[in-house]
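Undergrad: Given the coordinates of chain A, work out where chain B should sit on it, guided by the hints.
So you can see what is in the structure, the chains are spelled out below.
2 protein chains.
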Amino acid sequence: MDKNVKKYIYDFSEGNADMKALLGGKGANLAQMSNIGLPVPPGFTLTTEACLAYWSDGEHLLDAIWPDVMAAVERLERATGKTFGRGDNPLLLSVRSGAPISMPGMMDTILNLGLNDVTVEALARNSGEPRFAYDSYRRFIQMFSDVVLGVSSSLFENEIVAAKRALGVRQDFEINAETWKRLIDRFKEIVKKETGTDFPAESDQQLRKAIDAVFRSWNTARAKTYRRINKIPDDLGTAVNVMAMVFGNLGEDCGTGVCFTRNPSTGEKGLYGEFLVNAQGEDVVAGIRTPQPIAELQDTMPGLYRELLEICELLERHYRDMQDIEFTIERNRLFILQTRTGKRTARSSVHIAVDMVKEGLIDRETAVRRVTPDQVEKLLHKQVDPEVAVDVLAKGLPASPGAAVGAVVFDPDEAEKRGAAGESVLLVRHETTPDDIHGLFAAQGVLTSHGGMTSHAAVVARGLGKPCVSGCEALEIDLVKERLFVGGRTFSKGDTLTIDGSRGLVIAGKVALMEPAMTDEFRQILDWADETAKVKVWANADTPEDASRARDFGARGIGLCRTEHMFMAPERLPVMKEMIIASTKEERVAALDKLQVMQEADYRGIFKAMAGLPVTVRLLDPPLHEFLPKEAELEKSLSKLRSEGKEKSPEASALGKTLAKARALKETNPMLGFRGCRLGIIYPEIYQMQIRSIFLSCLHLADAGIEVIPHIMMPLVGTQEEMKRLKGMVDEIAEELFAETSRKIGYEVGTMVEVPRAALVADELAEYAEFFSFGTNDLTQTTFGYSRDDAENKFLAQYVADHVLPEHPFRSIDRNGVGRLMKIAFEEGRRVRPGMGIGICGEHGGDPSSIAFCHQLGLDYVSCSPYRVPVARIAAAHAALGLID
Amino acid sequence: MDKNVKKYIYDFSEGNADMKALLGGKGANLAQMSNIGLPVPPGFTLTTEACLAYWSDGEHLLDAIWPDVMAAVERLERATGKTFGRGDNPLLLSVRSGAPISMPGMMDTILNLGLNDVTVEALARNSGEPRFAYDSYRRFIQMFSDVVLGVSSSLFENEIVAAKRALGVRQDFEINAETWKRLIDRFKEIVKKETGTDFPAESDQQLRKAIDAVFRSWNTARAKTYRRINKIPDDLGTAVNVMAMVFGNLGEDCGTGVCFTRNPSTGEKGLYGEFLVNAQGEDVVAGIRTPQPIAELQDTMPGLYRELLEICELLERHYRDMQDIEFTIERNRLFILQTRTGKRTARSSVHIAVDMVKEGLIDRETAVRRVTPDQVEKLLHKQVDPEVAVDVLAKGLPASPGAAVGAVVFDPDEAEKRGAAGESVLLVRHETTPDDIHGLFAAQGVLTSHGGMTSHAAVVARGLGKPCVSGCEALEIDLVKERLFVGGRTFSKGDTLTIDGSRGLVIAGKVALMEPAMTDEFRQILDWADETAKVKVWANADTPEDASRARDFGARGIGLCRTEHMFMAPERLPVMKEMIIASTKEERVAALDKLQVMQEADYRGIFKAMAGLPVTVRLLDPPLHEFLPKEAELEKSLSKLRSEGKEKSPEASALGKTLAKARALKETNPMLGFRGCRLGIIYPEIYQMQIRSIFLSCLHLADAGIEVIPHIMMPLVGTQEEMKRLKGMVDEIAEELFAETSRKIGYEVGTMVEVPRAALVADELAEYAEFFSFGTNDLTQTTFGYSRDDAENKFLAQYVADHVLPEHPFRSIDRNGVGRLMKIAFEEGRRVRPGMGIGICGEHGGDPSSIAFCHQLGLDYVSCSPYRVPVARIAAAHAALGLID
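Chains A and B are the protein sequences, given in the same order.
Each step along the first sequence adds one to the number in this note's numbering, with nothing skipped, and position 199 is 391.
Each step along the second sequence adds one to the number in this note's numbering, with nothing skipped, and position 820 is 1012.
Possibly wrong hints are sitting among the right ones.
Heads up, the list lumps identical chains together, so a pair's fine if it works in one copy or across two of them.
[Said to hold, decoys possible] 30 Å max Cα-Cα, derived BS3-like pairs, lysine-lysine:
no., residue 1, residue 2
1, 423, 609
2, 769, 858
3, 838, 828
4, 853, 828
5, 609, 853
6, 849, 828
7, 858, 822
8, 1015, 916
9, 849, 822
10, 832, 858
11, 423, 916
12, 919, 416
13, 858, 786
14, 673, 587
15, 840, 828
16, 777, 416
17, 609, 777
18, 728, 800
19, 853, 822
20, 832, 822
21, 828, 858
22, 849, 609
23, 858, 609
24, 535, 461
25, 461, 587
26, 916, 416
27, 919, 423
Calculated from the structure, these hints are not laboratory results.
Everything numeric in this text was worked out from a predicted model, so none of it was measured.
With the rest of the complex left out, here is chain A:
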């Protein structure tokens, strides 16, 4: 590695906001602020390239760049007038990581670097605050030992607790200088005992080890987990920011805080944040002390508040986006330590985007760019119905919106386990740390007794779109006995609670939650998204209610109406059963006649709800045995009757008949069995009934002046002959009914493309099919040979975790296999029938990455569940903007 080849170190004065890839987000923004004249402490950045070089070359990199690091430190000495590791006015440094993509709480930070037994005395003298100096020194030893040397923090905390007991005090800040001094000696003994070597006294060594630790922290398990969850590439690397320390803990004219230029929860305009007087930055983020709202700074330090307000406005105008700013006040002097685009809730994201368009700060396309599909998904979160009376136990901070119901769990590992098993759990902790992230990920919501709106729990929960109530000090938590005490009541592990993260409420028991509604701003941003999108969004809806909801969410058609769901209703199942166990065609037709009347009513409701928009009705698809009781159940009922001597009762005879049919219909691989259009070919009367009810309902509505656009879709078609016969069946019935009623309506007959053969002979199918709809659930099953019902727990989850598969194929379309078949079908279908409608109605239709693929392919629409429609609309726009692929 030739150190001359690359410039690995940039002073803040050398960079700017566009250099995020190289300097990391934090470093680039510090450089930018520095350059526009904001009060940023001087510092320099080791680039992400240095991190990557470190990971390929290890120590050699550090050797190579060390002279440059020391030169940069000398520049800091000159800028601050202090000296590093020596002298009367010692320079202390903060060393912080900063990746190109913000990863809050995931990387390690070291403050007060440069302190040792000599410099601490100088600091004490120079600051006139010995207690501050020793407190800073002990903090440095603790932080450095934990992060760099791997010595458990709890060993030091135990000593502090013992000291406080001995002193008869409760808080750290009540510990005096002498005690800290004594504790520092004890800390050094602990380090010696745990690591076998002395705590490094030499400040250059401290800096080198700290930089090394930041580089190393890029690949810790928790950093990797965060990247995996957030789909951040592993090869970005992190930069290291080395900055002169400023102190918010030198007395009552000092402080530290975090503020947002707009409310990150609601999007409301105006400063939003918290500060702590006489504290270091880590105190705010860690949630150990509950901070004051930023508005109170106006009373405490009005001048500084005004200065902060001006800086915030400047930064927001400069970046044209809401900013998340860290500041420190050192003896009445304001320093900006960091600015970055503020993380925000989905609601806030939409609110800010729409406001900023109105304010003329950004254009509509930029607004659409700023609202991600993930955020839209979160916007559709559940809420506690404000009309319902609830048993509120306590009020905490409304840290992340939405409501959640779940069993109380105190241990993140258990939360993960029970969550994976499909149980709804609430994770309850004093406060959370990055090590708890797997539990947060698995829980429905998070409740903490400590920490503010910017505490770890709050930030992560907002990021994950999960409800969070933080800083709920009324709670007493016993982690050992796994109990929760509040207002004289006790809740044990497994008891059910509800939290309302939008209002900060903790509620006893299970509360009915309200489905989310659309706000005006939400509708606005989605309408702007539609202006940009190419691929339209349709919905899968089986009932008039679903159809109305889908339409309200902006669906432009129904891409999949599964008629079999209509047969599952309790009053219909017996008729369906009658049809299935019919031993003659006549019996079957009699049952079908009854079903026809029911279906007609269903279709009438759906077509009416979607007046003027296409409704794609898929004819019966599942194997018939799904409509019969399970074999074991039937056997049990029969043997009960027998034991009661009723084996010759009519009931027993009916049961026997059903059992015989259930056995006859039994299949080894039902997924590949007698289902889909195979039913319609072998028992044409079933499909004929369905087709007749579709047309009858449509003709009825057309009579009433309602515009109907029926698309009739055949499931599981694999051969041209199937399509030909089924198209013929529809045309024949249509002609017949049109003649009878002297009225005609336009209709289309098409097919699902859900077995590989359908895609491979798409040209043959397109001779008869007027539209295609990709059923990517089944197409994925057959293309991979994966049974969705079986694969997940048997091998698929492990395949995904183990990177045998890059993505979960039932979540995102597998481009090379399934996607290739889709491409073949698309191109060859359109070749034979130019302009034919082609869409997708598998669950992938609601997955942003899959929507991007559909956009690239040129599909007309994606069809997804009603609740996914808004997500799909924004994803379609993002796909058109090239933001996802």
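TA: Just chain B, lined up with the frame of chain A:
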């Protein structure tokens, strides 16, 4: 239709043997014989084009060509000196169908056409045989009424039976002229009653209706069935041959017969056939009287015999193939009525082809062309072991070779039904007719009490390659009570018999059958086939015995050695079970160690048997639950133990553990579940054991100087990552063992291509896979979405019968779907790895049409079951010759 556009009528003198498509086989050969001077009665042919025109234009065609037909009849009058429908010497005609491809017994024939109340008197006078004249007339009425007018033959037969009873005679020939005359009147009454009109007296009308009937007969149900079974296109049409009648039934100096130039059963050179004195041709074919062997003609009519012999030799030299010749002797004058290439057994086919090469009549390629894959398949028929003592009930004619065991069934419909249900049945009849063909098709073999070697049953059975014993007169059959009496013993429907069609034996009970062996001639023709073929033939073999057999049948490698079959042996299953229910990796490895020793021995046997040839070992494929007892079985055993108070016994605990595992392994769709290489990825120790045993056995053999060529094949691979990891696994173990043993052997690692995705990402797989083998069973299942275990009875059989599918996709490769995937995989695999080995090991590998497709694709080999190897070898040659596609 302009009758001038096409020539629809050819006199025999105008045609030749090359005009089969236009004149039909019979017509072309009659023309040819006529032109080389053989004694053929004069006649003319209405072309197949006339038949097709008839099917598109109907009556118009007959109107248009009628003047030409009458002109042709006038030419016959001039040639014979007789007059049609009038005069002292009336011209009688035979009207027979003749399609381009011989369809024996399937088309209708009318003899003695031209007789009416006037001409019959003239015939009686002119022949001096009134009995003959009236007998001919009544035959004509019967035949014409049956074929043309649709009046059931049995109505006439009833009258004849009654007349014989009244006369006190038993045989038709004992009926005198007067009685025939009276019966003729009665017959005409029957016709009038049944059809409402008089029997047509006018001979021109008779001719027109007869031609019409022949044309119509092209599309009767039985003709269509024959064509479907024999894969003859429906758009060929049939010609109509109109020929002057000659009579074999004018007295003892008359006769009729059928002879082959070589033995159609064995292929032995020399005249082979039968004749009947004083009979019409139909009497021989219909099997009503049992005829004399042709050799006896030498004694009866030595001059005529010599003439026939010369004509036979001439015809065989002329056509360079064995001929099937019909002749009639009218008053000591020989007429040849027909010659055609003789149908023959597979054995005969091979024998004749090899003999004719030796005789210099044909070249090797022609010999190979003459032996079809179907025939080779039949050659592999079973035989009764001559060493075994059998209970022979009776001896009939050895009408079609091979032996069959089955339940006696008397009704063709029942035979079809039970056969379709998978039961082995023997069809037992007095004699068969074309209406019985569906029963013959479904039965394992046919047994008749009447009829000779050329009877309907015999001809059809040979064609179908099924054993047949005909003319077993010792049998008494009661079709009503469905019983069979022989030698004082009675057999009822459902009782089991064995027939030996090679020796004509009927044997009581079930006899163990011997698998067929290879003859020298058989080996010869297959070797010649290999000279022509491009695609090689490998075999699927799981045991050393199978491997040896495959090699003996000419396999050039093992394309699929399924290792799981080795685990199914009774002594191994418990160890396999131990491995599966292991709760720790250690327990699993312990069981695997035991299995490794067993596998090593298996592989040693197979590699030794195939020394010098490649052996493709596929690693464990089926889901693990297949090696455990069924859940229900385990539950039953457990509840039995419980009821015995042994629920805490070690046995119960082991059962409980197995049951738990069986439940955990249960899958909704096992076909798409946890199997194939997914097992090897999740439990690498299983595949590692298998790989290790392969290499250890190979290294052991290599030490002994035996050449081993191991190909290790991964099942169900669908992603590049799977292939990469598994290839890495093999290479690692190989390196390790090569280092340990200081010996290296060449090996290849490849993959099955049996899920659509494997084909779609073949280029990615080929980066690691050194060969591909198409697993077309699974590939067909996943491409269509058909579960083989379920589809057949639920819908697939009906799909095939109903032409929703043109071919059964599990029998012949579906070209457009599965075939297209194969093409993609072949081309893209070879692009990435030029020249890589690509074959097929699904059951399609033994199907001639699929082999032709593999040939066209350019595959290196097809691998099929050992017994199919000879079929595949000849099919590969036929594919190269363009004879199948």
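Undergrad: Next step is simple, just say for each hint if it's right about the structure.
TA: Against the structure, the hints come out as follows:
Taking identical chains as interchangeable, the C-alpha atoms of residue 423 and residue 609 lie at most 30 Å apart only when both belong to the same chain, with a minimum of 22 Å there against 61 Å between chains. Proximity of residue 769 and residue 858 under a CA criterion of 30 Å is satisfied in both settings, with 15 Å inside one chain copy and 27 Å between copies. Taking the closest pair of Cα atoms, residue 838 and residue 828 come within 30 Å of each other both inside a single copy (14 Å) and across two copies (25 Å). For the identical chains of this complex, residue 853 and residue 828 are neighbours both inside a copy (16 Å) and across copies (24 Å), given an alpha-carbon limit of 30 Å.
Proximity of residue 609 to residue 853 under the C-alpha cut-off of 30 Å is restricted to the inter-copy arrangement: shortest distance 21 Å between copies versus 40 Å within a copy. Taking the closest pair of Cα atoms, residue 849 and residue 828 come within 30 Å of each other both inside a single copy (14 Å) and across two copies (25 Å). Taking CA atoms no more than 30 Å apart as the test, residue 858 paired with residue 822 passes in both settings, with 10 Å inside one copy and 16 Å between copies. Proximity of residue 1015 and residue 916 under a CA criterion of 30 Å is satisfied in both settings, with 23 Å inside one chain copy and 26 Å between copies.
Proximity of residue 849 and residue 822 under a CA criterion of 30 Å is satisfied in both settings, with 13 Å inside one chain copy and 25 Å between copies. For the homomeric pair residue 832 and residue 858, the shortest alpha-carbon distances inside one copy (23 Å) and between copies (27 Å) are both at most 30 Å. Proximity of residue 423 to residue 916 under the C-alpha cut-off of 30 Å is restricted to the inter-copy arrangement: shortest distance 24 Å between copies versus 45 Å within a copy. For a Cα distance limit of 30 Å, the shortest separation of residue 919 from residue 416 across copies, 28 Å, qualifies, whereas the shortest one inside one copy, 53 Å, does not.
When the C-alpha separation of residue 858 and residue 786 is checked against a cutoff of 30 Å, the pair qualifies only within one copy, where the shortest distance is 26 Å, while the shortest distance between copies is 38 Å. For the homomeric pair residue 673 and residue 587, the shortest alpha-carbon distance inside one copy (23 Å) is at most 30 Å, but the shortest distance between copies (92 Å) is not. In the homo-oligomer, the alpha carbons of residue 840 and residue 828 lie at most 30 Å apart both inside one protomer (16 Å) and across protomers (27 Å), since each shortest distance falls under that limit. Within a single copy, residue 777 and residue 416 get their C-alpha atoms only as close as 62 Å, which misses the 30 Å cut-off; across copies the closest is 28 Å, which meets it.
Taking identical chains as interchangeable, the C-alpha atoms of residue 609 and residue 777 lie at most 30 Å apart only when they sit on different chains, with a minimum of 21 Å there against 52 Å within one chain. In this assembly of identical chains, residue 728 and residue 800 lie within 30 Å of each other by CA distance solely inside one copy; the values are 21 Å within and 64 Å between copies. In this assembly of identical chains, the alpha carbons of residue 853 and residue 822 lie at most 30 Å apart whether taken from the same copy (11 Å) or from different copies (22 Å). For a Cα distance limit of 30 Å, the shortest separation of residue 832 from residue 822 qualifies both inside one copy, at 16 Å, and across copies, at 25 Å.
When the C-alpha separation of residue 828 and residue 858 is checked against a cutoff of 30 Å, the pair qualifies both within a copy, at 17 Å, and between copies, at 21 Å. Taking the shortest Cα distances, residue 849 and residue 609 sit within 30 Å of each other only across copies (24 Å), while inside one copy they are farther apart (44 Å). Proximity of residue 858 and residue 609 under a CA criterion of 30 Å is satisfied inter-copy only: 22 Å between copies versus 35 Å inside one chain copy. Proximity of residue 535 to residue 461 under the C-alpha cut-off of 30 Å is restricted to the intra-copy arrangement: shortest distance 15 Å within a copy versus 96 Å between copies.
Proximity of residue 461 and residue 587 under a CA criterion of 30 Å is satisfied intra-copy only: 25 Å inside one chain copy versus 107 Å between copies. For the homomeric pair residue 916 and residue 416, the shortest alpha-carbon distance between copies (24 Å) is at most 30 Å, but the shortest distance inside one copy (53 Å) is not. Taking identical chains as interchangeable, the C-alpha atoms of residue 919 and residue 423 lie at most 30 Å apart only when they sit on different chains, with a minimum of 29 Å there against 45 Å within one chain.
Hint violations for this structure: none, all hints satisfied.
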